[in-house]
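Using the sequences plus the hints, can you model the full thing?
Chains as they are written, first to last, in the numbering used here: chain A, 1 to 291; chain B, 1 to 408.
Everything labelled a hint here was simulated from the structure, so no lab data went into it.
Glycine residues also receive a C-beta, built at the ideal position from the N, C-alpha and C atoms.
Incorrect hints may appear among the rest.
Here are the simulated DSSO-like cross-link-like pairs (lysine-lysine), alpha carbons at most 30 angstroms apart as the crow flies [said to hold, decoys possible]: (1) B/Lys337 to B/Lys275; (2) A/Lys277 to B/Lys261; (3) B/Lys215 to B/Lys296; (4) B/Lys264 to B/Lys28; (5) B/Lys261 to B/Lys102; (6) B/Lys101 to A/Lys277; (7) A/Lys277 to A/Lys80; (8) B/Lys215 to B/Lys102; (9) A/Lys255 to B/Lys30; (10) A/Lys80 to B/Lys56; (11) B/Lys372 to A/Lys277; (12) A/Lys277 to A/Lys196; (13) B/Lys180 to A/Lys248; (14) A/Lys77 to B/Lys30; (15) B/Lys215 to B/Lys252; (16) B/Lys261 to B/Lys28; (17) A/Lys248 to B/Lys102; (18) B/Lys215 to A/Lys221; (19) B/Lys330 to B/Lys275; (20) A/Lys277 to B/Lys180; (21) B/Lys180 to B/Lys26; (22) A/Lys196 to A/Lys96; (23) A/Lys277 to B/Lys183; (24) A/Lys277 to B/Lys26; (25) B/Lys261 to B/Lys56; (26) A/Lys80 to B/Lys102; (27) B/Lys296 to A/Lys255; (28) A/Lys196 to B/Lys215; (29) B/Lys101 to B/Lys337; (30) A/Lys221 to B/Lys296; (31) B/Lys26 to A/Lys80; (32) A/Lys80 to A/Lys96.
Derived Cβ-Cβ restraints for the label pairs, each shown as a range [as the list claims (entries may be wrong)]: (33) A/Glu70 to B/Lys56: 19 to 29 angstroms; (34) A/Asn82 to B/Ile47: 30 to 40 angstroms; (35) B/Val146 to A/Lys80: 44 to 54 angstroms; (36) A/Thr243 to B/Pro34: 32 to 42 angstroms; (37) A/Gly97 to B/Leu378: 51 to 61 angstroms; (38) A/Lys96 to B/Ile48: 49 to 59 angstroms; (39) A/Pro186 to B/Ile44: 21 to 31 angstroms; (40) A/Asp211 to B/Ile52: 52 to 62 angstroms.
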Amino acid sequence: MSINRRNFLKALGLTGVAVGTGKKLSASSVKKENIKEFYAILYDSTLCAGCQGCEWECALAHGLPDPDLEDIPEAGKIRKTNENRRTVINAFSTSKGEVYVKNSCKHCNQPACSAACLTQAMYKTEEGPVIWRDEKCMGCRYCMVSCPYDIPKFEYFSSNPNIQKCDMCFDRVKEGQLPACVEGCPAGALTFGTRKEMIAEARKRINDNPDMYYDHIYGEKEAGGTGVLYLSPVPFEELGFNTEVMDKPYPELTKGFLYSVPSIFVLWPAILLGIHKATNGKNKQLEEENE
Amino acid sequence: MSNSDIVLNRENDRSSVWNFLVREFKPKGKLFTPFNIISIPVIIIGIILIVIRFAKGLGAVTNLTQETPWGLWIGFDVVTGVAFAGGAYVITFMVYILNLKKYHTIVRVTVLNGFLAYVFYAGALLLDLGKPWNVINPIIGNSFGVSSVLFLVAWHFLLYMIAELIEFSPAIAEWLGARKARKILSGMTLGAVILGITLSTLHQSGLGALYLMAKEKIHPLWYSEFIPILFFVSSIFAGLSMVIFEGSISFKVFSDQISEKNHKSHHDIIHGLAKICTITLFVYFFLQVLAFVHGKNYEYLNTRMGHWYLVEMIGFVLLPMTLFFYSYRKRNLLLIKIAAIVTMVGIIINRLNVTVIGYNWDSVQHYYPTWKEIVVTLTIIFIEIWIFRWIINRMPVLRDAPSWAKDK
Numbered sequence: 001m002s003i004n005r006r007n008f009l010k011a012l013g014l015t016g017v018a019v020g021t022g023k024k025l026s027a028s029s030v031k032k033e034n035i036k037e038f039y040a041i042l043y044d045s046t047l048c049a050g051c052q053g054c055e056w057e058c059a060l061a062h063g064l065p066d067p068d069l070e071d072i073p074e075a076g077k078i079r080k081t082n083e084n085r086r087t088v089i090n091a092f093s094t095s096k097g098e099v100y101v102k103n104s105c106k107h108c109n110q111p112a113c114s115a116a117c118l119t120q121a122m123y124k125t126e127e128g129p130v131i132w133r134d135e136k137c138m139g140c141r142y143c144m145v146s147c148p149y150d151i152p153k154f155e156y157f158s159s160n161p162n163i164q165k166c167d168m169c170f171d172r173v174k175e176g177q178l179p180a181c182v183e184g185c186p187a188g189a190l191t192f193g194t195r196k197e198m199i200a201e202a203r204k205r206i207n208d209n210p211d212m213y214y215d216h217i218y219g220e221k222e223a224g225g226t227g228v229l230y231l232s233p234v235p236f237e238e239l240g241f242n243t244e245v246m247d248k249p250y251p252e253l254t255k256g257f258l259y260s261v262p263s264i265f266v267l268w269p270a271i272l273l274g275i276h277k278a279t280n281g282k283n284k285q286l287e288e289e290n291e
Numbered sequence: 001m002s003n004s005d006i007v008l009n010r011e012n013d014r015s016s017v018w019n020f021l022v023r024e025f026k027p028k029g030k031l032f033t034p035f036n037i038i039s040i041p042v043i044i045i046g047i048i049l050i051v052i053r054f055a056k057g058l059g060a061v062t063n064l065t066q067e068t069p070w071g072l073w074i075g076f077d078v079v080t081g082v083a084f085a086g087g088a089y090v091i092t093f094m095v096y097i098l099n100l101k102k103y104h105t106i107v108r109v110t111v112l113n114g115f116l117a118y119v120f121y122a123g124a125l126l127l128d129l130g131k132p133w134n135v136i137n138p139i140i141g142n143s144f145g146v147s148s149v150l151f152l153v154a155w156h157f158l159l160y161m162i163a164e165l166i167e168f169s170p171a172i173a174e175w176l177g178a179r180k181a182r183k184i185l186s187g188m189t190l191g192a193v194i195l196g197i198t199l200s201t202l203h204q205s206g207l208g209a210l211y212l213m214a215k216e217k218i219h220p221l222w223y224s225e226f227i228p229i230l231f232f233v234s235s236i237f238a239g240l241s242m243v244i245f246e247g248s249i250s251f252k253v254f255s256d257q258i259s260e261k262n263h264k265s266h267h268d269i270i271h272g273l274a275k276i277c278t279i280t281l282f283v284y285f286f287l288q289v290l291a292f293v294h295g296k297n298y299e300y301l302n303t304r305m306g307h308w309y310l311v312e313m314i315g316f317v318l319l320p321m322t323l324f325f326y327s328y329r330k331r332n333l334l335l336i337k338i339a340a341i342v343t344m345v346g347i348i349i350n351r352l353n354v355t356v357i358g359y360n361w362d363s364v365q366h367y368y369p370t371w372k373e374i375v376v377t378l379t380i381i382f383i384e385i386w387i388f389r390w391i392i393n394r395m396p397v398l399r400d401a402p403s404w405a406k407d408k
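Next comes the structure, spelled out in structure tokens:
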């Protein structure tokens with residue numbers, strides 16, 4: 001029985017450590033956010049003319065096929081991003097007339113895709129863009145299952161398939177340049193800056209022109225806050241936005257499970273060994289009594 | 001054995017080992033059995049399809065889309081297959097931890113089944129990976145995605161396969177006549193069992209936890225924060241039903257290998273397992289009700305998916321629970337086997353409801369597997385059965401261990 005107790009105490013101690021580090025982990029991730037401000041894009045749909053300039057610039061910048069000239073935004077038709085296009089413009093007829101909306105990766109502050117990635121191929125950079133790294137990815141597509149916006153796209157007809165998604169032109173941003181779509185937007189619907197600046201700018205626009213805007217910045221709180229912020233003249237439901245997205249970051253959904261792992265890993269073996277010793281002893285006793 | 005004998009044995013060792021292996025690798029038994037006639041063509045077509053899949057990409061063989069990235073190969077092969085393999089950790093828990101000696105005779109065959117299931121069904125994961133050559137990244141690489149549930153599941157699969165191999169290894173040692181190795185390997189059993197049960201607890205529930213982040217994509221009747229617990233509890237009766245089902249087939253097919261004594265004890269074992277199935281099914285049903293009430297899902301009940309949910313809960317949880325209970329009380333073996341089959345169908349339905357049927361249930365183009373995906377799945381199952389049969393016919397799994405290996 002002494003082994004039992006020792007094991008139990010050992011387990012208890014280790015569990016304490018495990019629980020302790022668990023808390024530490026969560027604390028450090030919050031801290032990181034404060035050190036460096038993420039970059040963000042502000043998209044103002046009241047300015048967007050639906051010219052698809054961003055689609056062309058994006059295709060050019062990332063070596064993707066040119067956008068299909070036949071396939072233009074029309075109200076009632078939903079165009080989706082796919083393995084050949086990382087951003088699309090859709091048109092919606094709303095209570096305030098036709099409104100265009102640009103769709104692409106939202107670059108969540110705490111992205112579900114990168115929390116899901118077991119190789120860190122999907123990666124939230126310190127600068128803010130969520131990037132995908134070819135040499136690490138094993139193509140499991142768990143990022144696609146996890147993303148609440150269905151953003152990562154997979155090349156199903158390739159023997160060496162890649163994941164395609166907007167990376168906020170990370171290579172350009174690192175060099176101090178603007179993302180291709182922001183630079184190429186002739187209507188000035190896209191603005192690039194730090195997330196704080198973009199939220200301030202969005203709020204200013206709403207305050208200056210309260211009649212023109214619906215009083216909500218999509219992306220400020222959604223999915224724990226995202227790196228692309230949207231302004232709209234109408235409620236976001238009318239623009240096909242996923243308004244069921246929760247305000248909590250998505251990785252929170254699995255945090256509880258993951259934090260229980262170290263405790264189980266330490267407690268379980270000790271308990272099992274304890275039961276083994278206990279039942280073994282009892283059996284032996286019984287055998288002896290029988291004899 | 002005298003000293004001179006050992007020396008003599010050593011000299012002959014190399015050639016005799018070779019001869020032994022050549023002899024053992026030759027097929028035993030008839031080639032044209034009904035099982036072979038069905039399985040061989042399926043396996044051949046399946047292998048061709050696998051080649052096409054790797055040459056032309058997943059889209060050439062599967063119906064997967066950008067909206068439904070995981071289909072039959074994950075939902076059935078991996079998620080359901082692993083649930084059925086749960087019997088190994090439950091039986092080893094009963095035998096080695098609770099010291100219920102009654103179940104000792106089925107430990108080996110259950111562990112073998114579990115091991116093969118992991119090798120093949122977790123192996124099926126490789127077919128589904130876009131870049132399977134990068135599968136080593138989370139294992140050796142500097143890119144540990146520790147925040148990922150899949151990272152945990154992948155590591156657990158790997159470690160659990162090793163643990164099960166260790167648990168099974170004494171049988172291999174007995175087959176090869178390696179006495180010293182057998183002694184060392186049997187000494188590792190308890191450690192492997194404890195590790196194995198711990199790993200199983202975590203990755204059986206982990207398979208459910210994989211879907212936690214797909215909150216809005218899974219039908220609310222099947223999504224709840226309880227998924228991990230539900231997956232874990234259901235893996236107990238899923239695994240045991242598989243043990244009952246597989247056991248009754250093995251006892252017919254390989255009846256010549258089973259001693260008189262074990263034949264008799266088998267009824268007793270099945271009877272005991274039925275009792276455990278009743279209890280765990282009841283706990284599972286209770287948890288399902290809890291999840292239902294907690295999720296405030298009443299409004300969904302009178303929809304198409306709601307009816308389907310009721311079919312699952314009444315027809316494949318309550319019904320087999322009642323069947324198990326009744327057949328346990330009446331000691332009706334046939335009814336126990338029927339209950340096991342109903343339970344297994346229920347597990348397949350449940351896992352597919354979470355992973356495939358209830359996933360993007362409201363999407364316009366819902367995913368259906370292609371015939372090719374089904375053939376590849378069958379190929380994996382058939383190859384596993386071939387290997388299983390090959391091992392049963394050679395190693396002391398169902399039949400008694402050689403006399404030198406008897407535990408004192």
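Consistency of the hints with the structure:
no.	hint	in the structure
1	B/Lys337 to B/Lys275	13 angstroms, holds
2	A/Lys277 to B/Lys261	29 angstroms, holds
3	B/Lys215 to B/Lys296	15 angstroms, holds
4	B/Lys264 to B/Lys28	27 angstroms, holds
5	B/Lys261 to B/Lys102	12 angstroms, holds
6	B/Lys101 to A/Lys277	15 angstroms, holds
7	A/Lys277 to A/Lys80	60 angstroms, violated
8	B/Lys215 to B/Lys102	44 angstroms, violated
9	A/Lys255 to B/Lys30	54 angstroms, violated
10	A/Lys80 to B/Lys56	24 angstroms, holds
11	B/Lys372 to A/Lys277	51 angstroms, violated
12	A/Lys277 to A/Lys196	60 angstroms, violated
13	B/Lys180 to A/Lys248	58 angstroms, violated
14	A/Lys77 to B/Lys30	61 angstroms, violated
15	B/Lys215 to B/Lys252	45 angstroms, violated
16	B/Lys261 to B/Lys28	26 angstroms, holds
17	A/Lys248 to B/Lys102	50 angstroms, violated
18	B/Lys215 to A/Lys221	17 angstroms, holds
19	B/Lys330 to B/Lys275	12 angstroms, holds
20	A/Lys277 to B/Lys180	26 angstroms, holds
21	B/Lys180 to B/Lys26	27 angstroms, holds
22	A/Lys196 to A/Lys96	29 angstroms, holds
23	A/Lys277 to B/Lys183	21 angstroms, holds
24	A/Lys277 to B/Lys26	44 angstroms, violated
25	B/Lys261 to B/Lys56	54 angstroms, violated
26	A/Lys80 to B/Lys102	60 angstroms, violated
27	B/Lys296 to A/Lys255	23 angstroms, holds
28	A/Lys196 to B/Lys215	29 angstroms, holds
29	B/Lys101 to B/Lys337	23 angstroms, holds
30	A/Lys221 to B/Lys296	25 angstroms, holds
31	B/Lys26 to A/Lys80	56 angstroms, violated
32	A/Lys80 to A/Lys96	23 angstroms, holds
33	A/Glu70 to B/Lys56: 19 to 29 angstroms	27 angstroms, holds
34	A/Asn82 to B/Ile47: 30 to 40 angstroms	31 angstroms, holds
35	B/Val146 to A/Lys80: 44 to 54 angstroms	32 angstroms, violated
36	A/Thr243 to B/Pro34: 32 to 42 angstroms	57 angstroms, violated
37	A/Gly97 to B/Leu378: 51 to 61 angstroms	56 angstroms, holds
38	A/Lys96 to B/Ile48: 49 to 59 angstroms	57 angstroms, holds
39	A/Pro186 to B/Ile44: 21 to 31 angstroms	59 angstroms, violated
40	A/Asp211 to B/Ile52: 52 to 62 angstroms	59 angstroms, holds
Taken one by one, the earlier hints fail for this structure at numbers 7, 8, 9, 11, 12, 13, 14, 15, 17, 24, 25, 26, 31, 35, 36, 39, listed in ascending order.
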